[in-house]
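S.K.: Listed below are the residues making up each chain.
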Amino acid sequence: MNRRQFFRGAAGAGLLASTGLIKQIPGMLVNLYAFSGNENLSKVEARFYKQLPDKEIECQLCPRFCKLGDKERGYCGVRENMDGKYYTLVYGKACAINSDPIEKKPFFHFLPRTNALSIATAGCNVNCKFCQNWEISQVRPEQVEHYDFPPAMVVDSAQRYNCPSIAFTYTEPMVFYEYMYDTSKEARLRKVRSVVVTGGHVNPEPLQDLIKVVDAIKIDLKAFNQDFYTNYVRGELKAVLEAIKIVARSKVWLEIVYLVIPTLNDDPSEIKMLAQWLMKEVGADVPLHFSRFHPQYLIQNLPPTPISTLERAHGIALEEGLHYVYIGNVPGHQAESTYCPKCKKLVIQRVGYTIERIELKQGRCKFCDNPIPGIWS
Amino acid sequence: MANSRVVLVRGKGVLKQGGDIDQTKLLEIFNRGFRLLMDKQNPEDSLQLLFSVDDTVGIKINTISGRMLSTRPEVALSLAKLLLKAGISERKIIIWDRTNRELKDAGYSLNFSGSGFRVFGTDTQGVGYTRELVSHLNIGSLFSLIQSDMVSASISLAVLKDHGTSGVTAGMKNYFGAIHNPNKYHDSNCNPFVAELFETDFIRKKHKLTILDCLLVQYHRGPSYHPRWAEKYEALLFSLDPVAADFVGWQLIEKLRAGNSLPSLEEEKRAPLYLRTAERMGLGKANPGEIQVIENEV
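Protein sequence lines correspond, in order, to chains A and B.
Counting in this note's numbering, the first sequence runs from 1448 upward without gaps.
Counting in this note's numbering, the second sequence runs from 14 upward without gaps.
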């Protein structure tokens, strides 16, 4: 099974077989979700755009500021100018629906040992050459199968399947902003939390609005230099750093992931600058995950990241003073676990997405009572 | 190396009041265009130099802008009939674009499996895109199976338009409609993406002919239709050199802009730089000194 079949299967099955839910509830999908095919797109007016003369519009959702004439779509491929009004084509049109461990996002300081109902629509506002999910992120909504899955139904499903949170993930949630926003609002009313997994390539105004309705945001910082963003991401580092600062200053829980790609963004001096910047702008308590790269999409000529490279990055970040530095995509590595920065004892033991034990008491280290930041219940 | 030839044939009255096409005049334009391009007496002889009877010929049209500003069905069907006369069987002539919806909106009648020329979009059930990515320089795309598998030879029958990002959209950029992710290639005036996409095997090895529908030329505020800046130019432009064709198309847009007191595309910082890139890549000529332009009228 290739990745595209996997995602289609995921959408087609509603919730992934690997969660066991399908086995428990045969035929659930047919009852729950209306197969929407790939033609039936939404036509919901988008937020954050400006009308220009002659039926042109300027999208103000992300730093691209796409200027579009009638019938044109933005870089994301999912927002279209129709006769001078701007519409999202993917509102309530989920192309992937799964129940995932929250650790998979990864969130390590947010409701450990729980599952998040995880959804995505097609589309993305950057084009990372190493994208893991390009079959759904780098396509137009007509090119993937999707399901009618409106906000209330998303929250219903989260509750039905004991998911205390909903994750907007896999592709770039900012491109389905309106869907994410309305779902998060509905979820909050019904005591379900919302988490966002994003590249952070978004303008301040929409982000400021979003943080009023979500509980946690994980930002993928792809590198700490603009050249990499220009050549491998097609985005703006400055905008991502600004997004990190905005979330860090809010009440929303923040975690950072840095995918370490051999020779492209693994220079120790770059890692050091990143860690220093995080210390200055965000603080020592933000979890930082160094994830292992595997050849994907348009970068097939590089090997997986050597463990030693990840360990070096991990060491640099700790040395710079960050308290919670992790190594990801290396199941069984000791740096998957959380250690109390005060007494150095292990407080959450992880193996892959499994939590082996938790030594916290009301968010504090069981051994020395040091508070461990996060959302624990 | 010999100069590249570009033929621009105008036919006053081909675009009748109300937008209908004068078929006789249109055919005259085609006849004259092919004669001047290929030095052959009739279009069939010209087309036989480009295509073999074994070819399946794709006519890639541009229907993104609706009825008013897409490749006109009359133009595409006239070309298909000429191919038929040149010996290509009608089932091996495919008029196509990316979606059936856009084809219908532009006035085409779809025909996937019936008799006659085939007219359909990549999104037709059972068609779709290649399973594997084609990666070439800055391009990483899935190709329409029509371009990759179904056709052996290709004609870009595009509309000449101003374009807010790339400056000009014409024959080369028309192939953006042959891939799944054209929205990813609009940064930096679509440069180098237009040229690099054209250089992929599925296009460069199959492309034989560019014809630009210049019956109505959107010279400002394109690629959308704005009647205020759409000139009834009533011409078709022919070339075997895809870069030269677009270069001459660009000059035509500049002429219309100047005539309407608009700044040049260069001044608006959206000159089609991809043409110079394409020239550097050896895909054709973008130097006026190396392009022979033949203008004619029927």
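Hints are computed from structural coordinates only; laboratory data are not their basis.
Any given hint could be a false lead.
Unchecked claim - Below, in silico cross-link-like pairs of lysine to any residue (SDA-like), each with a Cα-Cα straight-line distance of 20 Å or less: (1) Lys1576(A) <-> Gly153(B); (2) Lys1576(A) <-> Ala166(B); (3) Lys218(B) <-> Ala166(B); (4) Lys218(B) <-> Leu63(B).
Bear in mind the structure is a predicted one, so any value in this text is a computation, not a measurement.
S.K.: Evaluate each hint against the coordinates.
M.R.: Results of checking the hints against the structure:
Our distance criterion of 20 Å between C-alpha atoms is met by lysine 1576(A) and glycine 153(B), whose separation comes to about 9 Å. With a CA separation close to 31 Å, the supplied pair lysine 1576(A) and alanine 166(B) exceeds the 20 Å bound. Taken as a hint, the lysine 218(B) and alanine 166(B) pair is honoured in the structure, with Cα atoms around 8 Å apart against an allowance of 20 Å. Note on lysine 218(B) and leucine 63(B): the hinted pairing holds, with a Cα-Cα distance of about 13 Å set against a maximum of 20 Å.
In this structure, only the earlier hint numbered 2 is contradicted, and the remaining ones agree with it.
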